[in-house]
Amino acid sequence: GSAGEGIWIIKLKSGNYCKTFGERSCGDDEVLDLMEANDNHSEEHTVGEFIEFCVNGRTGKSGTWTSKGTGKYLEGGKEAGGQLVDQRFCPRIVEGELRYNMVGDTLIGIIHKKPKEGGISAVGGTGSIYTYYGPKEKKFANLTKSFATTDLPKIMPALGLGDEPIPLWWTSDFINSSPPGTDAKDEKWIVGEFNCSCVGISKCLAAYCKDDTPNACYTDIAKKDLADVKKISDILGEKAIKILIKAAKEKAKPAGPGDYFSGEPVDVSSLTKITKDDLGLLPQPSKPRFKTALVGAYVRSQPYGGSDKSSNGHRYDSIPFANGMIMAGMSCQLINYVHDEHDKFFSVAKNFDALIVRCNPGQIKADGGSQEKFDDSM
1 GSAGEGIWII KLKSGNYCKT FGERSCGDDE VLDLMEANDN HSEEHTVGEF
51 IEFCVNGRTG KSGTWTSKGT GKYLEGGKEA GGQLVDQRFC PRIVEGELRY
101 NMVGDTLIGI IHKKPKEGGI SAVGGTGSIY TYYGPKEKKF ANLTKSFATT
151 DLPKIMPALG LGDEPIPLWW TSDFINSSPP GTDAKDEKWI VGEFNCSCVG
201 ISKCLAAYCK DDTPNACYTD IAKKDLADVK KISDILGEKA IKILIKAAKE
251 KAKPAGPGDY FSGEPVDVSS LTKITKDDLG LLPQPSKPRF KTALVGAYVR
301 SQPYGGSDKS SNGHRYDSIP FANGMIMAGM SCQLINYVHD EHDKFFSVAK
351 NFDALIVRCN PGQIKADGGS QEKFDDSM
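Per the working numbering, the very first residue in the sequence shown carries number 1; after that it's consecutive.
Treat each hint with caution, since some may be false.
[Claimed, not checked] Here are the simulated lysine-lysine pairs, DSS-like style, with alpha carbons at most 27 Å apart:
| no. | residue 1 | residue 2 |
| --- | --- | --- |
| 1 | LYS253 | LYS242 |
| 2 | LYS188 | LYS19 |
| 3 | LYS78 | LYS114 |
| 4 | LYS251 | LYS239 |
| 5 | LYS350 | LYS365 |
| 6 | LYS68 | LYS116 |
| 7 | LYS145 | LYS273 |
| 8 | LYS203 | LYS239 |
| 9 | LYS61 | LYS113 |
| 10 | LYS276 | LYS350 |
| 11 | LYS154 | LYS113 |
| 12 | LYS273 | LYS373 |
| 13 | LYS223 | LYS136 |
| 14 | LYS253 | LYS231 |
| 15 | LYS253 | LYS239 |
| 16 | LYS291 | LYS344 |
| 17 | LYS210 | LYS114 |
| 18 | LYS136 | LYS210 |
| 19 | LYS138 | LYS203 |
| 20 | LYS113 | LYS145 |
| 21 | LYS223 | LYS253 |
| 22 | LYS231 | LYS113 |
| 23 | LYS230 | LYS116 |
| 24 | LYS344 | LYS365 |
| 25 | LYS291 | LYS373 |
| 26 | LYS276 | LYS251 |
| 27 | LYS273 | LYS251 |
| 28 | LYS154 | LYS253 |
| 29 | LYS113 | LYS291 |
| 30 | LYS276 | LYS365 |
| 31 | LYS139 | LYS68 |
| 32 | LYS145 | LYS68 |
| 33 | LYS239 | LYS249 |
| 34 | LYS249 | LYS223 |
| 35 | LYS350 | LYS373 |
[Said to hold, decoys possible] Using C-beta positions, here's what the derived DEER-type ranges look like:
| no. | residue 1 | residue 2 | range |
| --- | --- | --- | --- |
| 36 | GLU187 | PRO157 | 19 to 29 Å |
| 37 | GLU164 | THR131 | 25 to 35 Å |
| 38 | PRO303 | LEU74 | 56 to 66 Å |
| 39 | ASN56 | LEU159 | 28 to 38 Å |
| 40 | PRO303 | SER146 | 53 to 63 Å |
Because the hints were derived from the structure by calculation, they are not lab data.
These figures come from a predicted structure and were not determined experimentally.
Where a beta carbon is used, it is the ideal one built from N, C-alpha and C, also for glycine.
Model the full structure from these sequences, guided by the hints.
Structure follows, in structure tokens:
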């Protein structure tokens, strides 16, 4: 749901729950008591009507709905974000939830969002009460410590996003799931949701237009609020530059096992690829001052491809040679001369500004080629 639309708190009107989860399934004619989180309004529908609304929206089978939404939650399939999530209800939501405002891995503030009396949603515009706390608020110290030190590093890997940075500006909403009266040190909190889709900075709300403030703008934000916002934006900038620097370093990492960094900037795809990978080779510069290649020879009838080879087929010192060229601002692709495609090789070779030949004497001949023909063409 967006801003609570499409989020339904559902109860069986009859209260006819089974003692053990899964003992029975509801019939299509059983009546559900529904409350939607966007405005806390209530409706009653049968199970059949609710399923019809979720799948097909307003139809002759779905009954009459007062919801602002249109249903059809599966429309477009998975690719379009169509989904239904069954999430266990946490009854202590009536006491409110804690929203942790995060910039990367740094907590910058906590908001206690308490639903309006009789409601169960603290979405903005529903009459909910918001209380603001700093990141070091003592009453939430145990939760903060547990979340920031133990759980935070596990979130992205748990979502299958271990290689991605934590979002730059996001929130985590917590609901107390412990029985009332539990000591703070023993409390368990459940994450109701993570938000990282255009999360708003609440101190800037004075700058957005409404019917009664059609000309709202940046200068309408109070100076005190702007000072708080500046603290947030300064941290945003610091975190953003760290993310980008880390990403740049990742891109600059040498080739790993199975990586091949010699495919550009000159197109060498027409040549036979002899070696297994470019392990240790630096990435090619995006705008090289000159385009060069290091030419090797591989004896297909000899162990390892010749006495001077590493296990991936390159000469043992080719990588340092090429990396020196790359560090000087030139590209340096590792290619192999295969005598069977002599003409094709030199057609490609003409596209380089320079060639570094690292073919051990006798290897071209040992592979069945002619050293003289190679030298003449060079």
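Taking the hints in turn, this is what the structure says about them:
With a C-alpha separation of about 17 Å, the suggested pairing of LYS253 with LYS242 holds against the 27 Å cut-off. Between LYS188 and LYS19 the CA atoms are separated by roughly 24 Å; this keeps the pair inside 27 Å, and the hint holds. Straight-line distance between C-alpha atoms of LYS78 and LYS114 comes to about 33 Å, which puts the hinted pair past the 27 Å bound. Distance restraint check for LYS251 and LYS239: the Cα-Cα separation of roughly 19 Å lies within the 27 Å cut-off, and the hinted pair is therefore satisfied.
Taken as a hint, the LYS350 and LYS365 pair is honoured in the structure, with Cα atoms around 23 Å apart against an allowance of 27 Å. Simply put, LYS68 and LYS116 have alpha-carbon atoms about 20 Å apart, close enough for the 27 Å limit, and the pair holds. Using a Cα cut-off of 27 Å, the hinted pair LYS145 and LYS273 is violated, with the two alpha carbons roughly 53 Å apart. As the CA atoms of LYS203 and LYS239 are separated by approximately 20 Å, the hinted pair is consistent with the 27 Å bound.
For the hint linking LYS61 to LYS113, the alpha-carbon distance of about 37 Å lies beyond 27 Å, and the restraint is violated. With a C-alpha separation of about 25 Å, the suggested pair LYS276 and LYS350 falls inside the 27 Å cut-off, and the hint holds. Pair hint LYS154 plus LYS113 holds up; C-alpha atoms about 26 Å apart against a cutoff of 27 Å. The straight-line distance between the Cα atoms of LYS273 and LYS373 is roughly 21 Å, inside the 27 Å bound, and the hint therefore holds.
Among the hinted pairs, LYS223 with LYS136 is consistent with the structure: their alpha-carbon atoms are about 23 Å apart, no more than 27 Å. Of the supplied pair hints, the one linking LYS253 and LYS231 is violated, its CA atoms being roughly 34 Å apart against a limit of 27 Å. A distance of roughly 21 Å separates the Cα atoms of LYS253 and LYS239; the hinted pair therefore holds under the 27 Å criterion. Pair hint LYS291 plus LYS344 holds up; C-alpha atoms about 18 Å apart against a cutoff of 27 Å.
Proposed proximity of LYS210 and LYS114 is supported: the alpha carbons are some 24 Å apart, at most 27 Å. Between LYS136 and LYS210, the direct Cα distance comes to roughly 34 Å. Violation of the 27 Å bound is thereby established for this hinted pair. Annotation: proposed proximity of LYS138 to LYS203 holds, straight-line Cα distance about 23 Å (limit 27 Å). This hinted pair checks out: LYS113 and LYS145 have alpha carbons roughly 20 Å apart, not beyond 27 Å.
Between LYS223 and LYS253 the alpha-carbon distance is near 45 Å, which puts this suggested pair outside the 27 Å criterion. For the proposed pair LYS231 and LYS113, the alpha carbon gap of about 22 Å is at most 27 Å, so the pair holds. The hinted pair formed by LYS230 and LYS116 fails the criterion: a straight-line CA distance of about 31 Å is larger than 27 Å. Simply put, LYS344 and LYS365 have alpha-carbon atoms about 18 Å apart, close enough for the 27 Å limit, and the pair holds.
Using a Cα cut-off of 27 Å, the hinted pair LYS291 and LYS373 holds, with the two alpha carbons roughly 24 Å apart. Note on LYS276 and LYS251: the hinted pairing holds, with a Cα-Cα distance of about 21 Å set against a maximum of 27 Å. For a cut-off of 27 Å, the pair hint linking LYS273 to LYS251 stands: about 23 Å separates their Cα positions. Of the supplied pair hints, the one linking LYS154 and LYS253 holds, its CA atoms being roughly 25 Å apart against a limit of 27 Å.
Distance hint between LYS113 and LYS291 is unfulfilled; the C-alpha atoms sit about 60 Å from each other, more than 27 Å. Annotation: proposed proximity of LYS276 to LYS365 holds, straight-line Cα distance about 22 Å (limit 27 Å). In summary, the hint linking LYS139 to LYS68 is not supported, as the alpha carbons are separated by about 38 Å, beyond the 27 Å threshold. Restraint check for LYS145 and LYS68: the C-alpha separation of about 40 Å exceeds 27 Å, so the hint is violated.
For the proposed pair LYS239 and LYS249, the alpha carbon gap of about 15 Å is at most 27 Å, so the pair holds. Only pairs whose Cα atoms come within 27 Å are accepted, and LYS249 paired with LYS223 is rejected, the gap being roughly 39 Å. A threshold of 27 Å between alpha carbons decides the hint, and for LYS350 with LYS373 the separation of about 16 Å falls inside it, so the pair holds. A hinted range of 19 to 29 Å for the beta carbons of GLU187 and PRO157 is consistent with their spacing of about 25 Å.
Separated by about 33 Å at the C-beta atoms, GLU164 and THR131 satisfy the suggested range of 25 to 35 Å. Distance hint for PRO303 and LEU74: a CB-CB separation of about 59 Å, consistent with the stated range 56 to 66 Å. Range check, ASN56 to LEU159: Cβ separation about 31 Å, and the 28 to 38 Å hint holds. Separated by about 57 Å at the C-beta atoms, PRO303 and SER146 satisfy the suggested range of 53 to 63 Å.
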